[in-house]
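Number of protein chains: 4
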Amino acid sequence: MPNKSRFLRVPVEPFAVTPDLAAGEMLARMEKISFQGRNLATARRIWEKMLGDDCTIFLGMAGALSAGGMRLVVAYLLEHRYVDCLVSTGANLYHDLHETRGRHHYVGSPRENDAALQADHIDRVYDTYASEDEFVDNDEWIAAFVMTLDRRPYTSREFLYRLGEHLWKETGRHGILTAAYRASVPIFCPAISDSSIGMGLSQARHRDSAAGLIDVIGDIIESANLVIRHPRTASVVLGGGTPKNFINQASVQAEFYDDRVGGHRYALQIVTDVPHFGGASGSSLEEAQSWGKLATDAEQVTVHADVTVVLPLLVSALTASAEQTIGAREPHRFDLSGSPMSMDGRAFPQSRFEARGK
Amino acid sequence: MPNKSRFLRVPVEPFAVTPDLAAGEMLARMEKISFQGRNLATARRIWEKMLGDDCTIFLGMAGALSAGGMRLVVAYLLEHRYVDCLVSTGANLYHDLHETRGRHHYVGSPRENDAALQADHIDRVYDTYASEDEFVDNDEWIAAFVMTLDRRPYTSREFLYRLGEHLWKETGRHGILTAAYRASVPIFCPAISDSSIGMGLSQARHRDSAAGLIDVIGDIIESANLVIRHPRTASVVLGGGTPKNFINQASVQAEFYDDRVGGHRYALQIVTDVPHFGGASGSSLEEAQSWGKLATDAEQVTVHADVTVVLPLLVSALTASAEQTIGAREPHRFDLSGSPMSMDGRAFPQSRFEARGK
Amino acid sequence: MPNKSRFLRVPVEPFAVTPDLAAGEMLARMEKISFQGRNLATARRIWEKMLGDDCTIFLGMAGALSAGGMRLVVAYLLEHRYVDCLVSTGANLYHDLHETRGRHHYVGSPRENDAALQADHIDRVYDTYASEDEFVDNDEWIAAFVMTLDRRPYTSREFLYRLGEHLWKETGRHGILTAAYRASVPIFCPAISDSSIGMGLSQARHRDSAAGLIDVIGDIIESANLVIRHPRTASVVLGGGTPKNFINQASVQAEFYDDRVGGHRYALQIVTDVPHFGGASGSSLEEAQSWGKLATDAEQVTVHADVTVVLPLLVSALTASAEQTIGAREPHRFDLSGSPMSMDGRAFPQSRFEARGK
Amino acid sequence: MPNKSRFLRVPVEPFAVTPDLAAGEMLARMEKISFQGRNLATARRIWEKMLGDDCTIFLGMAGALSAGGMRLVVAYLLEHRYVDCLVSTGANLYHDLHETRGRHHYVGSPRENDAALQADHIDRVYDTYASEDEFVDNDEWIAAFVMTLDRRPYTSREFLYRLGEHLWKETGRHGILTAAYRASVPIFCPAISDSSIGMGLSQARHRDSAAGLIDVIGDIIESANLVIRHPRTASVVLGGGTPKNFINQASVQAEFYDDRVGGHRYALQIVTDVPHFGGASGSSLEEAQSWGKLATDAEQVTVHADVTVVLPLLVSALTASAEQTIGAREPHRFDLSGSPMSMDGRAFPQSRFEARGK
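Here the protein sequences line up with chains A, B, C and D, keeping their order.
The numbering used here puts the first residue of the first sequence at 19, with every later residue one more than the last.
The numbering used here puts the first residue of the second sequence at 19, with every later residue one more than the last.
The numbering used here puts the first residue of the third sequence at 19, with every later residue one more than the last.
The numbering used here puts the first residue of the fourth sequence at 19, with every later residue one more than the last.
There may be inaccurate statements among the hints.
Copies of the same chain are indistinguishable here, so a pair counts whether it falls within one copy or spans any two.
The calculated lysine to aspartate or glutamate pairs, modelled on EDC-like cross-linking and capped at a C-alpha distance of 16 angstroms, are [stated by the list, open to error]:
| no. | residue 1 | residue 2 |
| --- | --- | --- |
| 1 | Lys67 | Asp315 |
| 2 | Lys67 | Glu341 |
| 3 | Lys187 | Glu43 |
| 4 | Lys187 | Glu31 |
| 5 | Lys22 | Asp138 |
| 6 | Lys50 | Glu31 |
| 7 | Lys67 | Glu31 |
| 8 | Lys67 | Asp277 |
| 9 | Lys22 | Asp151 |
| 10 | Lys22 | Glu152 |
None of these hints come from the bench; they were simulated from the model.
Since this is a predicted model, take the numbers as computed values, not measurements.
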């Protein structure tokens, strides 16, 4: 066995146990193991590169992450600008609002009798409970807020900025919506009608037929303009769903109007779905390259894992090793108070793609 | 071993091979086997019960089912009123439109080089290809159609009815959108902005700032009114996603305004996601009962399988055994040409829930 | 769009509904759809090719397929020589024996209270029940049979042949073990000690320290000699597990002693595991090519599905379309009564690989 | 909302980010989140309880964990007696031997061309490579060692003890087999014939028909005697497979001979398989209670995750918080040099269950 194959270059290094190892070193040791452990370590490195490479970083968030205890991790990422734009399902924003309003989700069991829960007005999300009565109160709170808005269409982005503002002023509490408001990080919610936030909006409409109009098509334009204005982008996806596709769509739609756009430069996704059933949530990042959603030379990694198992470790490690990078980072500045929003001091055009090359 | 336990009542009967067995008998034999095979057989029986029990049946559709060859199965279900209302992702309607316009998806490989595909303008969906240039042409076709519409908000339901009408008049071809138009089956698309249909709408907006306004909040009201008008409902879910939740939300929102509503009476879902990661796509139907999305005494079954593997068999068997039931069925009549739509000759209220009990 | 890309050759053809469609035509229509539905249709074609191409076909069987109602499908495949050799987990053979002895598994529920089941001596396999008392009786029956055997090592292959013979003579009933006995199809059980058959063997040992000696290393030699004698092989794997690897190992071990062996020529697997966690059950057939377990030009397909959902359809279709091929097939003849077994009239060498080229 | 439901007792506490958080505190914070993150934190607590409660702890190990970089974690657990008995697949022991002999596995890619790998004699395990030539050399090394053994049946337990001894004496290197040898921790390998260790054994048999006889039925007796001798047991399962079932079988078989045995008192499993396909790898711990494999009041948890992603964190945290417990623990002492082995100074009976109550 004189000459080793070119394929045998970097040995797997078995993970060595050290009691109470810190997150940063843990992921450093996991870079040389295999399977999803290695992928998680790679995710940290790729995220660090995004931060050091003048990218606009999109964060997608699907699955019951807020109810499941991840909302302050996401808030931290927004506040410290580890990401620049959030795309979320409505449920995650609603469950965030629920806790920011001072209520709780509760530790439960996946094997409880659901008829008994229903009798007690308890809504179950796998192993987590919430009070339906408190949810009804949230819906009413949202409807009442919506009644204070102008009788005109709002993009989900503008609406959520106003919602975060209202929530912050009323509660002064930390969470996703309030952190995004305070850090001026835009939030898009493409499927807002498929959530209790949408239900609150519909209850305002019930009172006033001119209230509660959300312009989700306007969101497509604004999100694409974000890419056109600065075509160097990156994508961090938690859980798949509509946020994953919406982030990719922003790049595809932007490229239609500006040929400097060539797909995200970096991408990482943490998903539990698999590619072989054809759904978008589980689709591979290689597949995204065929569409031009991702540059063909992009650095990318997929971690096949439940977000609640890996995000605490990933972010604990990232915030350690990326400290200097994040200190040196000069993120784009957004002013979200207008319609349309502005970026680095210049507003996006009204109802138009910031067309350039095409 | 004299007295058998009460748990040992119905023996598993091993599946007996008969060459070229027909679908109906195949599922009949599968009722007494185990695991997902039994669940698939149960799904047929539950669907038959829905059809015989004066239910409004919602069909949810997520995952790349149209691109994957399932669009004429869905069109058949709409045309013959095996279901009464479709809730879909935008992608499934877009890929349907693509084929109805005479183009194709193509048999491909999941292991092709994606950079080569991108160079050839080929978009890949796992093992299936499509021409990006044809997609761009679809987007333009949609944008041109949108320009012909009134400059007012359309619910996705009304918009998709008009789109189906236009598509039928231009092509005369069979598909989901055209079958829904001809059979007056409403289609809701809560996440329409997260799809190429949304991209087409945004391109119309780019030309005229008053064009392309989709009122997804109005969809919440109209879908809930469908339930309020006839609270006996059932749910058939293919693949999870926003359609699954939107169908359940319609019931929850309706119950808020009418206490005769008590959740779907029957439910079946075919999903590949699992419950234990907490996401809605994989959530169990038991969990739905805690929320009141599903009646606590509802008959329900989950089939853990890829839709493309089981739907052909399920529908081939159902259409055989339910022939008489479907012949006797008198489905609700919808008039979708108005805003709002009407059901059984009576229009839903404008921008309001058809509130009754609360 | 004048010239189509070379990637766009074969259009997806949407599945067209015909009530009560027969299995053969159903899979024929599924060849042009996508995802796992297409893979299932491809599996039928590849199995047909195996049958027409002078291959020794190995069938692997893991997961609770016998308890789950698949045992007569497997028995059919052995009896009609759709396969030539079975590799199984012990549990599948044990549950087959249980039913062949006239007992049953029972239709149950995955949500039953397991403490209540334990109190009633009911063993649960997901949604299927069995009587623990009947299982204890089986163990004793096996132990008593073992006591009648010679006090010498038996390969699992020889032992299972004798067990099938005894079972046939006592019951005259159809099943996997009895069909294999009658059709002289060898069965290997590499993990026999991890099953209730192993427990029965250990109970014989408890009575006589010279009883119950199974020579699983001898199985490696005999299975490799099967490949060496006729290096053209194929693999049909249901569920992964030890059978999947053992079938591949037979080819790898054979190649070590005979360089005419070059991996299976055809392979199909129906698995629910996925490749990205690194386990053998979910490993891809491409990966198998790196090891030489599978020829690099082999025709192969993976169907990601529960076996109980797809095997009835696959076999119902195969037995229709392959009727002529199976009629013309001249399978290898085994005499399993000896130690070692013989193939086509010639015994394998005793305790040796039938070494040739190396 | 005056009185809270009894279901709403323990609030979910969102995970708070601290840069470079240590493992122990990370899992402490994860106890109050949801889904698999919470389950992982629970796994640490349950393992701690096992350690403090005079249990014999079985560790099961399946999937390519040694090749994937987990072998020194397992070796640590054996050396420091976080577990008392290992049940493993053959591949994990073989890959451990490979590295202990000074060779490596290598960081690779799941998308490499497998024909190119085969041409270079590289075997791929998902994203990890190994040299086939080095593997062939291992097989020969094992065969040569087997030739030095007595010409009598060895249980896999005794054989692996001798193999570990030989490996330690030749290499002096740390690994699973050598740590088990030095710490006198028994290893069982029920499916040894389905592995390259089995292949090495078969190659010794090829040279001498009396060599390489492994008595896997004897393993059943010895593993059950471990439980009979001290019926308080616990189970830690990594990845499912034959080890998972074999550990449970030991308890079931023991109970048959001694009615003081009542199933494991604690159980944790880290698996990627799911229950609903009926296979043993994914089966729930509730299901295990119906069989009596697990006491009905046992503390148990399932973590649905890839072992490589969670084991480093779990063990890093456990070894911190359980330091005192492990210091106070007085594990059972095994002497593995005999046939049969002895426990706490007293040998197990020869070829018999240590029957007592029945």
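Against the structure, the hints come out as follows:
1. Lys67 to Asp315: within (14 angstroms within a copy, 40 angstroms between copies)
2. Lys67 to Glu341: within (13 angstroms within a copy, 38 angstroms between copies)
3. Lys187 to Glu43: For lysine 187 and glutamate 43, neither the intra-copy (40 angstroms) nor the inter-copy (33 angstroms) Cα distance is at most 16 angstroms.
4. Lys187 to Glu31: This pair counts as neither: shortest intra-copy Cα distance 52 angstroms, inter-copy 23 angstroms.
5. Lys22 to Asp138: between (66 angstroms within a copy, 9 angstroms between copies)
6. Lys50 to Glu31: So lysine 50 and glutamate 31 pass the 16 angstroms test inside one copy only (5 angstroms; across, 33 angstroms).
7. Lys67 to Glu31: neither (23 angstroms within a copy, 31 angstroms between copies)
8. Lys67 to Asp277: Classified as neither: same-chain Cα gap 24 angstroms, cross-chain 49 angstroms, threshold 16 angstroms.
9. Lys22 to Asp151: Between. Shortest inter-copy distance 10 angstroms satisfies the 16 angstroms Cα cut-off; intra-copy 67 angstroms does not.
10. Lys22 to Glu152: The answer is between: 11 angstroms across copies meets 16 angstroms, while 65 angstroms in one copy does not.
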